[in-house]
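This is what each chain is made of:
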Amino acid sequence: MLAIVDTGCANLASVGFAFDRLGADYRITQDPDVIYGADHVLIPGVGSAPYAMNELRERSLIPVLQNLTQPVMGICLGMQIIFDHSSEAGGIDCLGMVDGQIVEMDTGDLPSPHMGWNTLSGVADDPLLEGIKDGDYAYFVHSFAAPVSARTLAKCNYGDDFSAIVRQANIYGCQFHPERSGAAGSRILNNFLRVSV
Amino acid sequence: MLARRIIPCLDVRDGRVVKGVQFRNHEDVGDIIDLAMRYRDEGADELVFYDITASVDDRTVSPEWIGKVSAALDIPFCVAGGIKTVEAARARLESGADKISVNSPALMNPELINRLHDAFGRQCVVVGIDSFDDGITYRVKSHTGDADKTRETGRETIAWVQEAVRRGAGEIVLNCMNQDGVRKGYDLKQLSAVRAVCSVPLIASGGAGATSHFEDVFKTSNVDGALAASVFHKSVIAIPDLKRDLRSAGIEIRL
Numbered sequence: 001m002l003a004i005v006d007t008g009c010a011n012l013a014s015v016g017f018a019f020d021r022l023g024a025d026y027r028i029t030q031d032p033d034v035i036y037g038a039d040h041v042l043i044p045g046v047g048s049a050p051y052a053m054n055e056l057r058e059r060s061l062i063p064v065l066q067n068l069t070q071p072v073m074g075i076c077l078g079m080q081i082i083f084d085h086s087s088e089a090g091g092i093d094c095l096g097m098v099d100g101q102i103v104e105m106d107t108g109d110l111p112s113p114h115m116g117w118n119t120l121s122g123v124a125d126d127p128l129l130e131g132i133k134d135g136d137y138a139y140f141v142h143s144f145a146a147p148v149s150a151r152t153l154a155k156c157n158y159g160d161d162f163s164a165i166v167r168q169a170n171i172y173g174c175q176f177h178p179e180r181s182g183a184a185g186s187r188i189l190n191n192f193l194r195v196s197v
Numbered sequence: 001m002l003a004r005r006i007i008p009c010l011d012v013r014d015g016r017v018v019k020g021v022q023f024r025n026h027e028d029v030g031d032i033i034d035l036a037m038r039y040r041d042e043g044a045d046e047l048v049f050y051d052i053t054a055s056v057d058d059r060t061v062s063p064e065w066i067g068k069v070s071a072a073l074d075i076p077f078c079v080a081g082g083i084k085t086v087e088a089a090r091a092r093l094e095s096g097a098d099k100i101s102v103n104s105p106a107l108m109n110p111e112l113i114n115r116l117h118d119a120f121g122r123q124c125v126v127v128g129i130d131s132f133d134d135g136i137t138y139r140v141k142s143h144t145g146d147a148d149k150t151r152e153t154g155r156e157t158i159a160w161v162q163e164a165v166r167r168g169a170g171e172i173v174l175n176c177m178n179q180d181g182v183r184k185g186y187d188l189k190q191l192s193a194v195r196a197v198c199s200v201p202l203i204a205s206g207g208a209g210a211t212s213h214f215e216d217v218f219k220t221s222n223v224d225g226a227l228a229a230s231v232f233h234k235s236v237i238a239i240p241d242l243k244r245d246l247r248s249a250g251i252e253i254r255l
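Just so you know, the protein sequences line up as chains A and B, in that order.
Each residue of the first sequence is one higher than the one before, starting from 1 at the first, in the numbering used here.
Each residue of the second sequence is one higher than the one before, starting from 1 at the first, in the numbering used here.
Just so you know, these hints were derived from the structure itself, not from any lab.
Beta carbons: idealized from backbone N, C-alpha and C, even for Gly.
Some hints here could point you the wrong way.
[To be verified] Derived Cβ-Cβ restraints for the label pairs, each shown as a range:
#1 A:Gly-91 - B:Val-197: 41 to 49 Å
#2 B:Glu-111 - A:Val-103: 29 to 37 Å
#3 A:Val-103 - B:Met-1: 46 to 54 Å
[Said to hold, decoys possible] Just so you have them, the derived chain B footprint on chain A, three or more residues with Cβ under 8 Å:
#4 10 to 19
#5 57 to 68
#6 86 to 99
#7 145 to 155
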C-alpha cells in the first residue's frame, strides 16, 4: 500500500488520480500509523515551503516523515521540503531527509517561474528511472530548485542546470509533476511502486 | 530545453465545448472529456477550459467536471471562468485543476490576484486579458463572454500586465480581440510589446489559422505558448502535424 501524505496542499486529488490510472492501492492520509505501515510513501506539495512546513508541523508529521525507512518520494514542493533548508520567503528549515539547500533559480532574462515541458538529461541508472532516457520531457512548475549534486539522478536546465530527480538512500525527490508528465511521469510513478531499499 | 507549448482552449458552456466567432454565435463542438482526451492523445502540451458564460451570468464553474477531467488527463490543465474568491479557486484546485485563470473578477478587484498568490503560490495563478487595439493603444475589456455585456475597463493593456505580475500572476494569457476567431494570425506587434514587459510566461491567444502563424508567434514574439481553439476543434490544423512542422522549423517542441 502507498501512503500519500495529506500535506494540506491543493493538488492531492490529481496525485491520487495518477495512481488510480495505474491501478495502485493507495490512501491519502495524515495518520502516522498508516504512514509508518505503508510500503511506499509519497509527499506531494504545491505552494510555498513555509506554508507546507507549517501544515506538517500542525499535523505533527515532521518526526514521522523523518523516521521513515521505506521508499519515500517527495514531488514538486514535496521534493523541496525533504532537503535541509529552503531559501524561500527569507529562509526556512525543512525536513532534512536529504542533504542540501533549495535555492531560488537564477533564470536571467528567461521568464520565471520555470513553467512547462522540459527535457531530462544525465539520467542515472536507478530503478526509479527504468525506461526513462535523456531527452524525455517532464512538466515543471517552480521557481526554487536543488542545485546539481552527488545526489542528482537526473538534471534539467533552465538558465542553469538543476536537479530534476535526487536520491539519498531510501529518499527520492522529483522536482517536476509526474502526475502531469504524460507517459514518462506515469512510468516513474509506476517504477516508484516497485522500488525496494 | 524548455519546449514551447501548444494549448487547445475549450470554451465550455452548460457542460459542452462550444466555439463562436468574435465571441458571438456559439456552436456546439463536442463533449468535454472526449475532446480533452483527443487533444492529449494528439500531443497537446496543456489544456485550458474557459466557462465563457460564468462571469456574465454571475455564477462559477462546476468542480464536478473538473474532477472528471483531472482523473482522465495526465497533462496539465487550467480552469477559468467566474472565479471571484479564494474559496472558488480552492474548490477547483482541489478538484484537480493545476492552475486557475482569472479575468473579469481581477479587473473589478485586483487584490484578488494577491490573495490567490498568497493562498496557492504564483505557479497556480494565471491572469487572462482580453485586449483590443483601438488604433491608438491597446485597451483591456472585461465580461467578453457575451458581446452585449462587454465593458471597457479604462485600463491600458501594458500597464495591466505589469500590475498583474506585480500582484502575483504566474502566467499571462493575452487574447488579442481584433484577431479572435478570424484565423488571420496572432497579433505579433501587440504580443511583442507585452513580451517586452512581461517577466512571467506569456501565452498568445486569438487569430491562429495556419501552421505558419504558430511559427511566427514563437519566432517573432517569443511567447512561451500559443493557444487556439477553432482550428483544432474543426481539424483545420492537426496537432501532430503542427508540432512536427514547428520542430522542423527549429522551434523547441515536445514530440
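Here is how each hint holds up against the structure:
The given range of 41 to 49 Å is broken by A:Gly-91 and B:Val-197, whose C-beta atoms sit roughly 30 Å from each other. With their beta carbons about 30 Å apart, B:Glu-111 and A:Val-103 fall inside the hinted range of 29 to 37 Å. Hint check: A:Val-103 to B:Met-1, Cβ distance near 21 Å, so the stated range 46 to 54 Å is violated. Look at the segment 10 to 19 of chain A against chain B: 7 of its residues bring a Cβ nearer than 8 Å to a Cβ of that chain, three or more, so the hint holds.
With 0 residues carrying a beta carbon less than 8 Å from a beta carbon of chain B, the segment 57 to 68 of chain A misses the three-residue requirement, and the given coverage is violated. With a cut-off of 8 Å between beta carbons, the segment 86 to 99 of chain A has 0 residues touching chain B; three or more are needed, and the interface restraint is violated. Coverage of the segment 145 to 155 of chain A by chain B is violated. Counting CB-CB distances below 8 Å, 0 residues qualify, and the rule asks for three or more.
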